[in-house]
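There are 2 protein chains.
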Amino acid sequence: MSNAADRRAKANAETLARLNASDPVLVDVRPAGEVVPGMTPDMVLTSGRPMGWADYTGGQRQALIYGAVYEGLAKDEADAAAKFAAGKIKIGACHEHGCVGSVAGIYTASMPVFVVENRAQGNRGFCNFYEGASRKRLNYGSYDETVRQALRFIETVLAPVIGAAVKAAGGIPLKPIMTRAVHMGDELHSRNTAGSVLFTRELVPQFLKLQAKEGDRIRQTLEFLQLNEYFFLRLGMAAAKSMADAAHGIEGSSVMTAMTISCRGFAIRVGGLGGEWFAGPHAVVEAQLFEGFTKDDIEWMGGESHITETVGLGGFAQAAAFALQKYQGGSADAMVATNRKMYDITVGESSAFQIPYFGYRGTPTGVDIFRVLDTGTTPVIDGGLAGKGGGQIGAGILRAPIECFQKAAAAYTKRYGGR
Amino acid sequence: MSNAADRRAKANAETLARLNASDPVLVDVRPAGEVVPGMTPDMVLTSGRPMGWADYTGGQRQALIYGAVYEGLAKDEADAAAKFAAGKIKIGACHEHGCVGSVAGIYTASMPVFVVENRAQGNRGFCNFYEGASRKRLNYGSYDETVRQALRFIETVLAPVIGAAVKAAGGIPLKPIMTRAVHMGDELHSRNTAGSVLFTRELVPQFLKLQAKEGDRIRQTLEFLQLNEYFFLRLGMAAAKSMADAAHGIEGSSVMTAMTISCRGFAIRVGGLGGEWFAGPHAVVEAQLFEGFTKDDIEWMGGESHITETVGLGGFAQAAAFALQKYQGGSADAMVATNRKMYDITVGESSAFQIPYFGYRGTPTGVDIFRVLDTGTTPVIDGGLAGKGGGQIGAGILRAPIECFQKAAAAYTKRYGGR
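These protein sequences, in sequence, are chains C and H. Going letter by letter, the first sequence gives residues 948 to 1366 in the numbering used here. Going letter by letter, the second sequence gives residues 948 to 1366 in the numbering used here.
Chain C on its own, in the form it takes in the complex:
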């Protein structure tokens, strides 16, 4: 091996080792403004690489406006747009603040976030709450009185009750839940049924203790948890963010440590290439749309839930989640083939997430940008799809665009003099 290849192999092995050593623990639930690094009261976070106000368009622009109105930073939509344009309301990119956004990924200072501490490496990841099963949600670019009330319910009921239970429990380790959920048919991106049930189970002993004080809020919280099988996604995302960030910043690593989507396109970040984002066009989609919608109705308004794929879940664990067919289409055979192909572009296997169908083989983990280029295979992503005018209109498989990897490889070669 050449010196460069040797250094890269070692750096990539270290990247994988850090991913596998990670130990994400839910330690708190707090308003974003109190815990998210760099978050200020006049800031709205959103998915995608950092951009200026003028770059935001369509549903994502609308979602930013709605976020500002929800937070009381502007009196109406026009006021919000003017304040964004004037820089009186600031825009932050979630990934730059330890957060990951679901679809538009709107965070405002008052919104509660899960605080996940990676106890192996000491860093933290954050994610806000799932808004519920309604097609109309702020993160899908919708806003009305129902959306607002759902957000307030999170703030006044779900977050304080779950936060109190988490603190009473002394933190809830997420890795064991995630490991087990993958054995129970979740891939933890588009299917979170087992994760949600297992997480709820961890809260119950604390709910019993807190009941005298919290009473009906606990009943309401349990009811929400029972109804919403997607609930765990945000915990998985925060955990994955804490894992991926811990694996980022290793000199010489060619492993992808983040993917992000905005209204303008896809972008990735690489472990050995600092904070730079390598941008490309939008992902390619194989979707199963809800009744009445066509591909033309799909709108890109952001997304970073594929932090799960970044750490070996989601599309990289499809063969653990055949039940997902109903939600996003496809067949078991296709899921197996798609999942198997991811081993061609990864540097190793997860020690935490195993696929029973593959004889408990660890999920393919740590996408190497050069393996992507050598094989022409880009990461597969299980994802929800937003529609024009807001709301979710379906789910399906997304494939990251090759251009991001080409740009990253060029930067890598420039920086390190070779692969």
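Worth flagging that the hints you see were computed from the coordinates, not collected in a lab.
Derived lysine-lysine pairs resembling BS3-like cross-links, with alpha carbons at most 27 Å apart:
#1 H:K1156 - H:K1122
#2 C:K1083 - C:K1273
#3 H:K1160 - C:K1156
#4 H:K957 - H:K1361
#5 H:K1273 - C:K1288
#6 C:K1273 - C:K1288
#7 H:K1156 - C:K1114
#8 C:K1335 - C:K1037
#9 H:K1122 - C:K1273
#10 C:K1083 - C:K1030
#11 C:K957 - C:K1361
#12 C:K1156 - H:K1156
#13 C:K1273 - H:K1288
#14 H:K1114 - C:K1160
#15 C:K1114 - C:K1156
#16 H:K1160 - H:K1114
#17 H:K1288 - H:K1354
#18 H:K1083 - H:K1022
#19 H:K1354 - H:K957
#20 C:K1114 - H:K1160
#21 C:K1160 - H:K1160
#22 H:K1273 - C:K1122
#23 H:K1273 - H:K1335
#24 H:K1156 - C:K1160
#25 H:K1273 - H:K1083
#26 C:K1156 - H:K1114
Note that this is a predicted model, so its numbers are computed, not measured.
Position chain H against the provided structure of chain C, taking the given hints into account.
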């Protein structure tokens, strides 16, 4: 089609329809002596077709003795044996009393049972409680102070608390839990992880209401439920028994409606052949034994948990439960092949239990004795294995012996003049 064939086809279709229409609901938890039909205070139920005391041998004989001592029907083992021999303690066959036994399947009058009502057809099925994860359990032919205390814990804590929750809930429908559990990696015989978690979830809202009254017993119950992923098996068994019994007794049906194991061998019952049991030798075993044990250590001491296979679960749903490999060996490919073969010997598919890996195809349901004979394929069973001297020593796949089906077919031909 001949008249006979036509009648048989109709009867078998009706058998399948009744299985699929079944609606098992957990309605109560009560001492066996209060609810099990024909159960008397001086009776011990056990697995297997009805036999006399002299026929019981080894671990099953020992388990009957232990049951009598536990119930206080005898002052010691010798006294119990003498009273069984003299008919002062009676022996009943579980299946004849609406019950199904796990391994030795010991029921005494004071033991709590799940009362499952099949709301579609009005009949009831019963099963007693899982004793916990200890290798030593009464149902595996072991008895000591620890076993006794575990049984008392069921009687004084688990049963009253769960019973109160079930009544407060107005009954807990089991079919939706079972349907979902199969989508979450359970086949509901040797894997009950999802079923147990989902069942617990149904109890929690009631636990919150009962907490002021029950206090620490609820904490203890939750702890037991959390630790014991096998808990749901007994609920699945009672549900399956209520389904299979509802499908039994249709004139002309050649569908198997029960399987049973005793220390003397295997036996089956057929829908159109009344109460007769068709006996054969012991099942053939492909086992994964716990460390240190060999095949020579296996002892047959009974078993009726394969009521689950009778209604399209367990071995008939293996391809829904690839995670089972760790417990009972084999490979995903073998599980798929084994499961697929069961479609060759069944009259139809379950409308409630679907296998995501097979594109949500319903599990093979309703074993036709003639299809078994035509193909030479006998039902596959996921099962736990007992060892000599008591205790569980492993798990694996059992195959029902062909002799039972040959005898049943002969009886069918004799009774109906042809198939």
